[in-house]
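Visitor: Here is what each chain is made of, one letter per residue.
Protein chains: 2
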Amino acid sequence: MPQTLSQFGEFPLIDFLKKQTFRKNKDVLEGIGDDTAVVSYTNDKYLLLTTDMLIEGVHFKKSMDAFYIGHKALACSISDIAAMGGMPKYALISIGLPAGLDVAFVKKIYEGMNQLAKMFGVNIVGGDTVKGNKIIINVSLTGEVKKKNLVRRSTAKLGDNIYVTGALGRSYINGGHLTFIPRINDSQYLIKHIKPTAMIDISDGLVADLRHVAKASRLKARLDQSRIPRTKNATISHALYDGEDFELLFTASAYKDEKLMRAQTRGIAFFKIGEMIAGRGGEVDMIDTNGKIKKVLKKGYIHF
Amino acid sequence: MPQTLSQFGEFPLIDFLKKQTFRKNKDVLEGIGDDTAVVSYTNDKYLLLTTDMLIEGVHFKKSMDAFYIGHKALACSISDIAAMGGMPKYALISIGLPAGLDVAFVKKIYEGMNQLAKMFGVNIVGGDTVKGNKIIINVSLTGEVKKKNLVRRSTAKLGDNIYVTGALGRSYINGGHLTFIPRINDSQYLIKHIKPTAMIDISDGLVADLRHVAKASRLKARLDQSRIPRTKNATISHALYDGEDFELLFTASAYKDEKLMRAQTRGIAFFKIGEMIAGRGGEVDMIDTNGKIKKVLKKGYIHF
Numbered sequence: 001m002p003q004t005l006s007q008f009g010e011f012p013l014i015d016f017l018k019k020q021t022f023r024k025n026k027d028v029l030e031g032i033g034d035d036t037a038v039v040s041y042t043n044d045k046y047l048l049l050t051t052d053m054l055i056e057g058v059h060f061k062k063s064m065d066a067f068y069i070g071h072k073a074l075a076c077s078i079s080d081i082a083a084m085g086g087m088p089k090y091a092l093i094s095i096g097l098p099a100g101l102d103v104a105f106v107k108k109i110y111e112g113m114n115q116l117a118k119m120f121g122v123n124i125v126g127g128d129t130v131k132g133n134k135i136i137i138n139v140s141l142t143g144e145v146k147k148k149n150l151v152r153r154s155t156a157k158l159g160d161n162i163y164v165t166g167a168l169g170r171s172y173i174n175g176g177h178l179t180f181i182p183r184i185n186d187s188q189y190l191i192k193h194i195k196p197t198a199m200i201d202i203s204d205g206l207v208a209d210l211r212h213v214a215k216a217s218r219l220k221a222r223l224d225q226s227r228i229p230r231t232k233n234a235t236i237s238h239a240l241y242d243g244e245d246f247e248l249l250f251t252a253s254a255y256k257d258e259k260l261m262r263a264q265t266r267g268i269a270f271f272k273i274g275e276m277i278a279g280r281g282g283e284v285d286m287i288d289t290n291g292k293i294k295k296v297l298k299k300g301y302i303h304f
Numbered sequence: 001m002p003q004t005l006s007q008f009g010e011f012p013l014i015d016f017l018k019k020q021t022f023r024k025n026k027d028v029l030e031g032i033g034d035d036t037a038v039v040s041y042t043n044d045k046y047l048l049l050t051t052d053m054l055i056e057g058v059h060f061k062k063s064m065d066a067f068y069i070g071h072k073a074l075a076c077s078i079s080d081i082a083a084m085g086g087m088p089k090y091a092l093i094s095i096g097l098p099a100g101l102d103v104a105f106v107k108k109i110y111e112g113m114n115q116l117a118k119m120f121g122v123n124i125v126g127g128d129t130v131k132g133n134k135i136i137i138n139v140s141l142t143g144e145v146k147k148k149n150l151v152r153r154s155t156a157k158l159g160d161n162i163y164v165t166g167a168l169g170r171s172y173i174n175g176g177h178l179t180f181i182p183r184i185n186d187s188q189y190l191i192k193h194i195k196p197t198a199m200i201d202i203s204d205g206l207v208a209d210l211r212h213v214a215k216a217s218r219l220k221a222r223l224d225q226s227r228i229p230r231t232k233n234a235t236i237s238h239a240l241y242d243g244e245d246f247e248l249l250f251t252a253s254a255y256k257d258e259k260l261m262r263a264q265t266r267g268i269a270f271f272k273i274g275e276m277i278a279g280r281g282g283e284v285d286m287i288d289t290n291g292k293i294k295k296v297l298k299k300g301y302i303h304f
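Sequence lines, in order, name chains A and U. Going by this note's numbering, the first sequence opens with residue 1, and the numbers climb by one from there. Going by this note's numbering, the second sequence opens with residue 1, and the numbers climb by one from there.
Derived from the structure by calculation, the hints contain no laboratory data. A couple of the hints might just be wrong.
Which copy is meant is left open, so a pair is good if it fits within one copy or across any two.
To be verified - As a list, the in silico DSS-like pairs of lysine-lysine whose alpha-carbon atoms are at most 25 Å apart:
| # | residue 1 | residue 2 |
| --- | --- | --- |
| 1 | K26 | K147 |
| 2 | K118 | K26 |
| 3 | K18 | K298 |
| 4 | K19 | K131 |
| 5 | K131 | K18 |
| 6 | K107 | K18 |
| 7 | K148 | K107 |
| 8 | K45 | K147 |
| 9 | K131 | K61 |
| 10 | K18 | K108 |
| 11 | K62 | K146 |
| 12 | K134 | K61 |
| 13 | K61 | K272 |
| 14 | K19 | K108 |
| 15 | K108 | K220 |
| 16 | K19 | K107 |
| 17 | K295 | K215 |
| 18 | K298 | K131 |
| 19 | K118 | K19 |
| 20 | K146 | K45 |
| 21 | K295 | K131 |
| 22 | K192 | K146 |
| 23 | K131 | K62 |
| 24 | K26 | K45 |
| 25 | K62 | K272 |
| 26 | K45 | K148 |
| 27 | K108 | K215 |
| 28 | K295 | K157 |
These numbers were taken from a predicted model, which means no experiment stands behind them.
Generate the whole structure from the sequences, applying the supplied hints.
Guide: Following this line, the structure appears as structure tokens:
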């Protein structure tokens with residue numbers, strides 16, 4: 001009997017693709033399943049490869065500012081590179097456009113991408129322009145990272161603290177999902193001064209992405225409700241489950257906490273929100289404001 | 001007054017993007033405007049970056065065999081890498097899928113991609129899966145080429161012969177646009193034994209793509225109607241203007257013609273179809289079957 005994608009689910013599909021898909025292991029450190037692929041490059045660097053597709057009506061509306069639609073499209077991929085400790089270098093932009101679309105709208109999209117590209121030294125080296133019935137933007141971004149600086153999601157250690165780089169929740173309501181500046185500066189600071197044990201960017205939601213880290217690291221994660229920074233008017237539920245905050249979520253040895261707290265004065269902010277504990281790999285729970293351990297829901301941003 | 005994309009035109013849009021878009025020249029040999037970007041890599045190699053977006057209803061129909069939809073999506077990008085004299089290495093696949101789509105259909109798409117990936121040693125290292133109202137597949141492909149083997153479209157020489165690797169026309173009717181095997185083997189043969197002066201793959205149509213070569217090389221191109229190989233039932237008009245043949249179109253010094261003709265016996269076929277002559281850069285004309293010089297139309301595959 002035919003089964004639809006929404007019945008089958010997104011993560012089972014990704015698992016299937018991961019198993020099914022051809023993969024030589026030589027030269028490939030991370031493949032399908034991570035946000036960014038890590039492949040061999042030069043003697044002291046890895047090449048990072050990541051891609052994000054944004055579709056009108058799903059990730060943005062046509063009524064939104066075209067400048068920020070372009071900005072967001074590129075920012076999502078830069079955020080993926082930041083999460084690996086890397087720097088972005090080259091972008092390819094594929095764009096599907098309705099024939100009747102106003103040219104000025106398209107130019108604005110590229111202005112938004114160009115401004116962000118300049119900010120981080122990204123070179124837009126090519127792309128593909130095709131006809132579509134909706135606006136579709138696909139960014140593929142190539143970056144690099146020094147081998148010694150690579151941070152993966154699978155290497156959190158027992159007893160590590162969990163941190164985020166900013167307030168969470170309501171990014172769709174407050175516009176943060178469109179205007180965010182990817183956390184390259186924070187990532188570069190961390191690489192240089194802290195050496196995080198694991199890192200990911202929050203795209204699916206705090207709990208969903210923390211679960212990815214916990215599962216890959218075979219540990220349990222425990223959040224501390226009172227410490228989770230929230231955007232204005234965000235409830236704890238918003239902070240836990242909303243998607244597209246694009247803050248970095250990372251783990252670091254407890255003894256680095258003092259140094260991380262001192263970094264707050266440098267225009268960069270780190271918030272300790274929990275710790276990695278022994279338990280079933282991939283489990284996440286939370287100490288609530290009364291000091292009681294609470295389960296958290298499995299939900300995160302659902303793609304299908 | 002607002003102007004729609006179809007009024008503005010695809011190539012003016014690409015020209016605008018080329019001028020507008022941020023581009024550091026260091027490290028970038030070819031950027032926007034070519035099918036494949038060429039950037040610095042190792043001491044003796046360049047990195048090749050290319051991307052292609054396929055949209056249901058534009059590049060394929062849902063009634064077509066899903067296996068070949070996947071095959072085509074990857075084959076288009078491999079063909080771009082072949083045209084530079086390179087070898088493909090890593091692919092990222094972004095896919096937009098309607099929630100109600102049969103999972104078996106999606107799996108078939110990936111089977112088609114995987115089989116082709118295996119054939120050419122391509123490693124599918126990641127991607128993005130999102131919800132869409134149509135099926136959208138974006139492939140971005142990273143390849144490499146030895147510096148000495150790189151072939152560009154801009155370096156055809158006066159007096160060079162023009163060749164194609166196979167019969168042209170009617171690829172939409174005969175299914176060739178879905179089932180073609182990208183001409184990696186032909187390209188590797190050429191790199192090793194011939195060293196073509198310029199090369200491109202025929203995606204927009206013979207005349208349109210030959211015009212790209214002629215314009216970039218600042219020469220005129222003259223086709224010889226009687227020599228242009230056509231697929232079964234294809235008229236000369238089909239061969240000249242149909243899109244998506246995905247044969248290689250290349251130029252080579254006339255003294256290499258004998259060697260190219262001998263190569264016909266090796267399971268690879270090259271067809272001499274014209275020559276590069278003095279004249280206005282980008283002009284294309286044709287000697288018809290009566291020996292008269294005829295103009296050819298400007299038309300090619302129109303994206304908007």
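Visitor: Quick one: which hint numbers does this structure break? Sort them smallest to largest.
Guide: 7, 11, 13, 15, 21, 25, 27
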